[in-house]
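Peer 1: Each chain, letter by letter, is given below.
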Amino acid sequence: GNSVTQMEGPVTLSEEAFLTINCTYTATGYPSLFWYVQYPGEGLQLLLKATKADDKGSNKGFEATYRKETTSFHLEKGSVQVSDSAVYFCALSRSGGSNYKLTFGKGTLLTVNP
Amino acid sequence: ETGVTQTPRHLVMGMTNKKSLKCEQHLGHNAMYWYKQSAKKPLELMFVYNFKEQTENNSVPSRFSPECPNSSHLFLHLHTLQPEDSALYLCASSQDGLGALHFGNGTRLTVT
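Top to bottom, those sequences are chains A and B.
Mapping the first sequence onto our numbering, position 41 (from 1) lands on 41, and the numbers just tick up by one.
Mapping the second sequence onto our numbering, position 109 (from 1) lands on 109, and the numbers just tick up by one.
Next comes chain B alone, as it looks inside the complex (with noise of 0.2 Å):
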C-alpha cells in the first residue's frame, strides 16, 4: 500500500470515448502530480496542485482536462485521445519543502 491509489489499473479506450483517471492520497499531502510515463522517454511532468490550485500546466494537450476538488482527490479526464497517448498515467502527492514523491502504481491507458 503506497498511500497512494489509482483507478482504474488498466484502461482500453477507443479515440471517442470519455473515460476518467482517478486518484486519492491517504497522507495528508497538500501537492498531487499528473505524469506521464512512456517507453524509453523520461518521465513527463503534466500538472501540478498545491493546495487544490493548479501551478503548473506544462504544454498538456486540452484533450487532457486535470480536476482536484480536495487535497485528497485527483482526476485526470480524457477525451478524443490519440494513440500516440497510450502509456501508464502515474499519479503521486508530496508534502512542501524536501519531502519525497509518493507515486501510485499507475494506470496502463491503452488508446485503440
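Isolated chain A (complex conformation) (with noise of 0.2 Å):
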C-alpha cells in the first residue's frame, strides 16, 4: 500500500538558518505530492503540492522537487523565520488524484530560535 516517511524530529534551528525535512514515499501509479503544515493550536494548511514527476511546489520561501527516481519529496527553505516554527507533514494521494485517500507522514516538529 501506499507509505509516506519523514524524518523524525525535532528539528531545531537558528533564524536564517538553511532547512532540509526529508520526505519519501512508497505509491503505486503516479501520485501527488503535498506538504502540510500545522501551527500551534490549529488545523492543517496546505504549503505547497506537485502533481507530477519532476514538478517543483514552491509557496512562502519553502520549496520541494516531485523525485520520481528516488521517490522523494523533501522540502527545503533558505532562511527560515520563528514564524516557521511548527509542524510538517508530507503527504501522498493515491493515483488518480483524488483527495479522498491522502496518506499523511508523521509529522516533524521545526523549532527557530531568533
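Hints in this document: simulated from the structure, not taken from any laboratory.
Please note that the accuracy of each hint is not assured.
Said to hold, decoys possible - Which residues of chain B face chain A? A few of them, derived with a C-beta cut under 7 Å, are:
1. LEU90
2. ALA100
3. ASN105
4. GLY106
These numbers were taken from a predicted model, which means no experiment stands behind them.
Idealized CB from N, CA, C, for every residue including glycine.
Could you fit the two chains together into a complex? Lean on the hints.
Peer 2: As C-alpha cells, this is what we get:
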C-alpha cells in the first residue's frame, strides 16, 4: 500500500539557517505529493504540492521537487524565520489524484530560535 | 479564518457521556472528512462524505457515528468512548480532483 516516511523530529534551527526536511514515499502509479503545515493550536494548511515527476512546488520561500527516481519530495527553505516554527507533514494522494485518500507522514516538528 | 469551523474547540467527557462535534464549511466544497490526530502517529482518516453520501469508513469503532445532513455540515456523534480516544479531531473539506484539503482548527477531546 501507499506510505510516507519523513525524518524524525524535532528539528531545531537558528533564524536564517537552511532547512531540509526529508520525505520519501512508497506508492503504486503516479501519486500527487503535498506538504502541509500545522501551526500551534491550528489545523493543517496546504503549503505546496506537485502533481507529476520533476514538478517543483513552492510557497512562502519553501520548495520541494517531485523526484520519481528517488521517490522523494524533500522540503527546503533557504532562510527560516521564527514564524516558520510548526509541524510539517508530507502527504501523497493515490494515483488518479483524488483527495479522498491522502496518506500522511507522522509530521516533523520544527522550532526556529531567534 | 480557515473557511472550515469546528466547535467546540475543547471537550472533556466521561466514558458514559454522549456528545457531538460539529463542523461547518463555507467554501462550497462537496466533500467533507473526519481525521483523528494522536501524538506521534500519522493522521488517521476516519470518514469521508461526498455530496452527503458516506464514501469511506476506515474501520472506525461504532462508538463514533458521523452525520452529514448537507454538503456544508458534518457532525461526529460520540458515545461510550474510551480514554484512548482522546485526541485532536480534525474536520476537512475539498472540491473534487486535485484541490487542497482545507482543515478546521480541530476539537481537542479528552475522555476521562
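Peer 1: Any hints from earlier that this structure breaks? Give me their numbers in increasing order, please.
Peer 2: Violated hints: none; all satisfied.
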